[in-house]
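Knowing the structure of chain A, use the given hints to seat chain B on it.
From first to last, the protein sequence lines are chains A and B.
Residues in the first sequence are numbered from 1 upward in steps of one, following this note's numbering.
Residues in the second sequence are numbered from 1 upward in steps of one, following this note's numbering.
Keep in mind that the hints were calculated from the coordinates and are not lab data.
Please read all numbers here as calculations on a predicted model, not as lab measurements.
From the three backbone atoms N, C-alpha and C, an ideal C-beta is built for every residue, glycine too.
Hints are all accurate, no fakes.
Listed next, with one range per pair, are the computed distances between beta-carbon atoms:
| hint | chain 1 | residue 1 | chain 2 | residue 2 | range |
| --- | --- | --- | --- | --- | --- |
| 1 | B | E75 | A | R715 | 46 to 52 Å |
| 2 | B | A141 | A | L716 | 45 to 51 Å |
| 3 | B | T19 | A | L17 | 23 to 29 Å |
| 4 | A | L358 | B | Y16 | 37 to 43 Å |
| 5 | A | F20 | B | E4 | 48 to 54 Å |
| 6 | A | G416 | B | T19 | 42 to 48 Å |
| 7 | A | P401 | B | E75 | 16 to 22 Å |
| 8 | A | L17 | B | E4 | 44 to 50 Å |
| 9 | B | D11 | A | S768 | 21 to 27 Å |
| 10 | B | E18 | A | S366 | 43 to 49 Å |
| 11 | A | L17 | B | S41 | 27 to 33 Å |
| 12 | A | L17 | B | H200 | 33 to 39 Å |
| 13 | B | G131 | A | F20 | 47 to 53 Å |
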Amino acid sequence: MSAVWAAARAAVRRRRLQTFVIALVALLCTATAVVSLALLDATSAPFDRVFGQQRGAHAVAVYDPAAATAEQLAAARDGVAAGAGPFGQSVAETKAAGPIGSMLGPLSIVGRADPAGDVDRLDVWRGRWPSAPGEITLNAPPEDAVTFSRGPMGELTTLTANGTTLTVVGWAYSVSHSADAWVTPEQMTAWKPTGAQMLYRFDGDVSTRDAVEQRLAVVTAGLPGGALLAAQPYQVVKEEAAETAGVYLPFLGAFGVLGLLVAVIIVGNVVSGAVVSGFRHIGVLKSLGFTPRQVVAVYLTMVTVPATAGAVLGTVLGAFGAQPLLADTFRGLGYGQDTGVQPWVWITGLLGVPLVVLVAALLPASRAHRLSAAEAISAGSAPQRGRALRIQRLLGGTRLPRSISLGLGLPFARPGRTALTMASLLLGVTTVTFATGLADTLIETSRLDAAAGGDVGIRPERAGPAGATPARLDDQEIEALLRGLPGAAKVGASAGRSVPVVGQSSPVQVNFVRGDVAAMGYQAQLLAGRWLAGPDEVVASAELINKRGLAVGDTLVLDLDGTRTTVTIVGETLQSLPGPGDGLFAAWRDLPGVDPFDFYFQVELAEGADVQAFIASVRAADPGLMAWDNTDVTDLTVVVTGISTVLALLLATVAALGVLNTVALNVQDRRRDLGMLKSIGMTPRQVVAMLVTSMAALGVIGGLLGIPFGMAAHRLVIPLAAEAAKVTLPDYVMRVWDPATLALMVAAGVLIAVLGALLPARSAARLSIARVLHNE
Amino acid sequence: MTTETVVRLDDVRKEYGETAALDGVSLTIRRGEAVAVMGPSGCGKSTLLNMIAGLDRPTSGEVTVHGERLDAMTETRLALFRRHHLGMIFQFFNLLDDLSALDNVALAAQLTGSSAATARRRALELFDELGIAGRRDVYPAALSGGERQRVAVARALMNRPALLLADEPTGALDSRAGEQVMDLLIDLNQIGQTLLIVTHDERLAHRCASRLVQLADGRIAAESALDRV
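Okay, chain A solo, but in the shape it has when bound (with noise of 0.2 Å):
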């Protein structure tokens, strides 16, 4: 056994705390960069992550079964590295008893064998494949079990396409989105297919759009002409997914900085403390013998053993740890698919935290290397000279308990490492305030939505799909039955319809509203303008107006069953009703031939009323009503609030554990003072306050200065996420600040000190006097 090697054994067993303090700070600061690096890696290309595991198609292109035969089409392969079909399709229009009619319209269906293949391979994610004709699959982002069995989606059992009635068998993924659904190919072949679908992944440059429909070029060239019907590059659906992500990325960015830059500086303090604290060790050895490489070798052994250690093990429980988070987040993405941690998260999470722990420590072993023994030595127990003594002494004068006052002066007697204490503490007070503040606004947000969605959703059923009973009321009865019901507070109704714009190329959905929609938190949302007050008035909602460049005050000429009426926007609120697209809000009107099916209610409930017994007496009341629970939070709140609150904690927890390095390092450095001060008569408890108070003084400052960070990162990240996701939020959901919640946030910082602190400092107070002096 080298001598190095033996120095450093030794050694790591001499200092058993703070080898565990460094292998523990290695390891959760490891979790931490894992978890923050994944979360990075799956917000910046989250789609490219999901279309490689899918071997997603380039292009989907449906061909003209009458121009092209199967053949052909399965020949034509110049550039393709891997292709599938050709699949009979059709498009169909569908109808569904239960809420989720309302959302299915006409669907692309595919007929295929099975999900696998060389492209587009399916994430058949609840159910099964159809594996008989009269049966479908659909085509949607995973849920969890729970979310699924709750929503629309639960309630599908059968649809009938085509004029077939289906039974639905499964739930399929597919993020090329290749088709709506699935049948087998003989259920397709009974449809007479309309088109032929064919699944390509080319070689070369597929970057572009350009480039992809190049390459389809290349591959239809021996076609016959006019075979190709349509085709979707991949880009097209990458675009619309960016939309999504957006949203998210702002939030957790931020979160994932936040975590890099507390896990690199606390794991710097803690690996230069513990080296800075072991000059003496390092003039002992010197003394013996060992040349200065060789002492720069047993601290750096020293230090990286338990940190590697720590890295591996972190590396571990980061990745494990990431994966709920993960799945969470491509959840609230739309693609719902648990991919796991990437390689080079692994890979960063083994060396980067090592490597960190070793520039850390390098840097003062270099000073070590240059200091002669007995500089070494003597440098191993100096701290700071100069301001720490003015201030002592100040100290000293105050009214102060003693205890309290010398604590209040320790931070100063090692500036470096009081500095990096702070840094950690500032980060973490700045990650909780960031993490409340983004808390607070979107439930707030989600309290607006709740508010203006209403507690229930009524619609009526349509006649026609299998098992749907047609409502047997009128708008009118169904309004009045809604008001009487017992819970009911607010009753608001709304006829939708698809309306062309003048000098526009797509129709908006207009809300033709009556009763308490208004009231029902619509206009309490209003960002601007005021709410409608006559037949030609309109208010809009936000996305609406973002996405068509519109402003209050504007005018739209609306094509209304062929008579032009001009509206004026006079009002743009936060959302729309519930529905297809994101419309305007206008008077209520008659409109003849409206299908009762696009008629919509939504009711608040009484404070107390139960949501699901108001349900059952809807339903009860008449069966051909669907009837849903509005209350749920959105996607969004859950996954945003339960990321921030898990990284929050853990970045806490890693602040606090920065805290509990120095004050062990502090009480290392001061042993002798510690057992001079219990032979004069200091008790434990006030070994434990002035401990304590050392700490608290830098948790107070890092959570004074922590705070404003934390509201800047709130006013600069939500704002992006609200542009990503085409809103405009109202002020006072960024108004989230009262001084009871800062006044918490200097509390969180205190706390995460003292918590860190506590530890070390009732270790201190049971330090045996007699052993401390006795050392000497």
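Structure of chain B alone, referenced to chain A:
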């Protein structure tokens, strides 16, 4: 000297694992006495001092100082007892490096709840008495060994202790500084301060103590009265 007992040890035994550092030591020290404890290294001198200072607890036996049983006290009560009734000086002074000489001394009174001003006034009186008034604002690192030990003595006397314990008080001093400290201890004893000195230095024992206790293998091997030189 009165007959009042300040320290009484009854059959005190202290074991560290298999080894007995003290083995049935009984000892009495009366008010105003100056007792020196001597013996070879490892004979139990420091352990005896730790027992009397309440820094360590006996495995068996009773330790009574100033009428109170130290072996039965909690850590907090021991701390309060030391604060009010004991003064200690050490071979290596044990001053706080980041407090001035005056603040080091005042600290002992501040721990009892005295205000900073009161504590500093009392400390200044002691600095005058010990002849180090000119060094009050100097930090320990800039003091000579003798001055440091005087500051340590001042700190030990700050709360007017019933017993002053000195652990090799001249062990880290040159002969001149050692002489000064010895003179100081003699002066203190002459004005009634009870002293217990643990030392290897026969000269210190014979100059300062009125009684010599010799330890060997954790037992009292001999006790004798001394005529101060």
